[in-house]
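Each chain, written out:
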Amino acid sequence: AQKITQTQPGMFVQEKEAVTLDCTYDTSDQSYGLFWYKQPSSGEMIFLIYQGSYDEQNATEGRYSLNFQKARKSANLVISASQLGDSAMYFCAMRVHNTGRRALTFGSGTRLQVQP
Amino acid sequence: DGGITQSPKYLFRKEGQNVTLSCEQNLNHDAMYWYRQDPGQGLRLIYYSQIVNDFQKGDIAEGYSVSREKKESFPLTVTSAQKNPTAFYLCASNPGLGRYQETQYFGPGTRLLVL
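Chains as they are written, first to last, in the numbering used here: chain A, 1 to 116; chain B, 1 to 115.
Keep in mind that the hints are not guaranteed to be accurate.
25 Å max Cα-Cα, derived DMTMM-like pairs, lysine to aspartate or glutamate [what the hints assert, rightly or not]:
hint, chain 1, residue 1, chain 2, residue 2
1, A, Lys3, B, Asp59
2, B, Lys57, A, Asp86
3, A, Lys70, A, Glu15
4, B, Lys9, A, Glu44
5, A, Lys16, A, Asp86
6, A, Lys3, B, Glu72
7, A, Lys3, B, Glu69
8, B, Lys9, A, Asp26
9, B, Lys71, A, Glu44
10, A, Lys3, A, Asp29
11, B, Lys71, B, Asp59
12, A, Lys73, B, Glu102
13, B, Lys83, B, Asp30
Quick caveat, the hints were computed from the structure, so don't treat them as lab data.
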């Protein structure tokens with residue numbers, strides 16, 4: 001079974017500063033994908049970034065980057081130059097490839113609050 | 001515009017009543033999913049469908065049913081057997097092709113409340 005752990009229920013960051021949201025995962029499979037989603041107060045889940053287990057480079061998408069440490073089984077999200085609009089819940093998720101199940105397993109989330 | 005729509009935005013259920021949540025996508029995605037989110041928690045998988053006329057139970061399927069008669073549509077019925085249905089329900093789909101083939105794209109969600 002797969003498991004995602006997000007140990008930070010809440011985080012605060014000053015506007016324009018960088019912040020790291022932690023995510024560790026547990027799987028015995030070698031082939032998997034890792035995702036980060038943002039959920040603002042409206043409720044919709046917004047895809048941010050994806051990292052494949054065999055990708056050699058850390059994924060980046062604009063101000064978002066994923067610090068992927070395979071040996072540690074961690075996939076931390078780094079948001080640079082935080083903006084007030086970044087205040088939201090952030091979820092880490094995983095999909096293991098070598099199963100018939102294509103659904104994602106989610107962590108419990110981290111609430112980020114950006115302060116002016 | 002392409003996307004996933006869910007309706008209604010809010011839904012109220014009386015005791016013993018079945019209710020159906022709609023999910024429609026015009027992204028031409030094969031796979032569709034239903035998740036449940038309780039306050040302050042992550043998402044849990046209810047049902048998923050990888051192809052028309054086929055679907056599988058997720059982790060918390062009891063008290064729910066689905067159908068997949070069309071590629072675009074994946075409605076979820078919350079039956080009277082679901083004793084604690086109050087939650088936020090999210091529908092998702094994924095393209096199955098390209099670099100982001102596994103990425104799931106979500107609808108805006110439906111909030112279900114019990115009267």
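A quick look at each hint next to the structure:
1. A:Lys3 x B:Asp59: holds (13 Å)
2. B:Lys57 x A:Asp86: violated (34 Å)
3. A:Lys70 x A:Glu15: violated (30 Å)
4. B:Lys9 x A:Glu44: Satisfied, since the Cα-Cα distance of roughly 11 Å is no more than 25 Å.
5. A:Lys16 x A:Asp86: holds (11 Å)
6. A:Lys3 x B:Glu72: Roughly 31 Å separates the two Cα atoms, so the pair is violated.
7. A:Lys3 x B:Glu69: Violated, at about 32 Å.
8. B:Lys9 x A:Asp26: violated (35 Å)
9. B:Lys71 x A:Glu44: OK: Lys71 (chain B) and Glu44 (chain A) at ~22 Å, within 25 Å.
10. A:Lys3 x A:Asp29: Holds, at about 12 Å.
11. B:Lys71 x B:Asp59: Between Lys71 (chain B) and Asp59 (chain B) the Cα gap is close to 23 Å, so the pair holds against 25 Å.
12. A:Lys73 x B:Glu102: holds (20 Å)
13. B:Lys83 x B:Asp30: Between Lys83 (chain B) and Asp30 (chain B) the Cα gap is close to 31 Å, so the pair fails against 25 Å, i.e. violated.
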